[in-house]
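There are 2 protein chains.
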Amino acid sequence: MEDYVIRPIGVVRSVLKDPADAPKQGALTEQEAEVVVDPAYLAALDGLERRVAPAGEAVSGDSPRRNSGKIIVICWMHGADRDRLKVHPRDQEELPERGVFSTRSPHRPNPVSLHTVTLLSIDRNVLRVRGMDAIDGTPVVDIKPHSPELDG
Amino acid sequence: MEDYVIRPIGVVRSVLKDPADAPKQGALTEQEAEVVVDPAYLAALDGLERRVAPAGEAVSGDSPRRNSGKIIVICWMHGADRDRLKVHPRDQEELPERGVFSTRSPHRPNPVSLHTVTLLSIDRNVLRVRGMDAIDGTPVVDIKPHSPELDG
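Sequence lines, in order, name chains G and B.
At position 136 of the first sequence the residue is numbered 136 (this note's numbering), and the sequence of numbers has no breaks.
At position 82 of the second sequence the residue is numbered 1082 (this note's numbering), and the sequence of numbers has no breaks.
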């Protein structure tokens, strides 16, 4: 099979500086952070402003068309070990090893991570989000609106 | 920013052969398909069997630890136009163009797609899933357990 090249479109800016600071995979966080998009992709953000959470709060609604205030930020976990096929879940040595595809470990053949976050504001190419567990400097590869219907 | 290389870990096998056959982005589907994982990654599937939906049906439970029967299959939409920053939502010409990051269009700088599907069965390296809108031959780059808490 053919290989493909990922060209990051932005970067995470966070007070979380070290992988040891980051919440373990599977843990929820209220951490606020910025997603700084390369200005070359500014046009691609057009329309995302309607996804900003009303009054900074996510809305839980039964209509999938209603603004949930959530977006999915897809990152590349550049510190991951791509050759590991098994891990101890949540880095707990006492738990038996499992295949990485049955875990949310950063270690996996293609270390793509999903972050469903609340979009608090957009200032030109800078998105302020809540619920981001990626550390400072993590490359961002894509941004999508979250759909309760498709993703929930 | 540095580039990264995606090495597909599998491929989608589906009766959907043509992009025109695929449901428009944002549409739900009950389409069944297979995710054929490269046998080199067999060990990485270990533990995923506990994610198989009971009796082939997804369980809706309030406990995030309960098996929802859902996994997230991440694909690379190899037919996408990576240079398009704006699209007509759902390919409807009468809708005004919007930035690709505010849509689920396949056309985007890094054409990674998310498919939250029901895992029906696993036979060695072949996963049978329901709700897959990717066409036959689409490269698969990652598989993760779905978490209602993280992804919902």
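Hints are computed from structural coordinates only; laboratory data are not their basis.
Note that the Cβ used here is the ideal one computed from N, Cα and C, for glycine as well.
One should not assume that every hint holds.
[Claimed, not checked] These stretches of chain G come out as covered by chain B in the derived footprint (C-beta under 8 Å, 3 or more residues):
(1) 5–13
(2) 40–50
(3) 75–85
(4) 100–114
(5) 139–151
[As the list claims (entries may be wrong)] A few chain B residues facing chain G, derived, Cβ under 8 Å:
(6) Lys1017
(7) Val1036
(8) Pro1039
(9) Tyr1041
(10) Pro1054
(11) Phe1101
(12) Val1112
(13) Asp1142
[To be verified] Computed from the model, here is a short list of chain B residues facing chain G with C-beta under 8 Å:
(14) Arg1007
(15) Ile1009
(16) Val1011
(17) Val1015
(18) Arg1108
(19) Pro1109
(20) Leu1120
(21) Ile1122
(22) Pro1145
(23) Asp1151
Which of the numbered hints are not met once you compare them with the structure shown? 6, 7, 8, 10, 17, 20, 21
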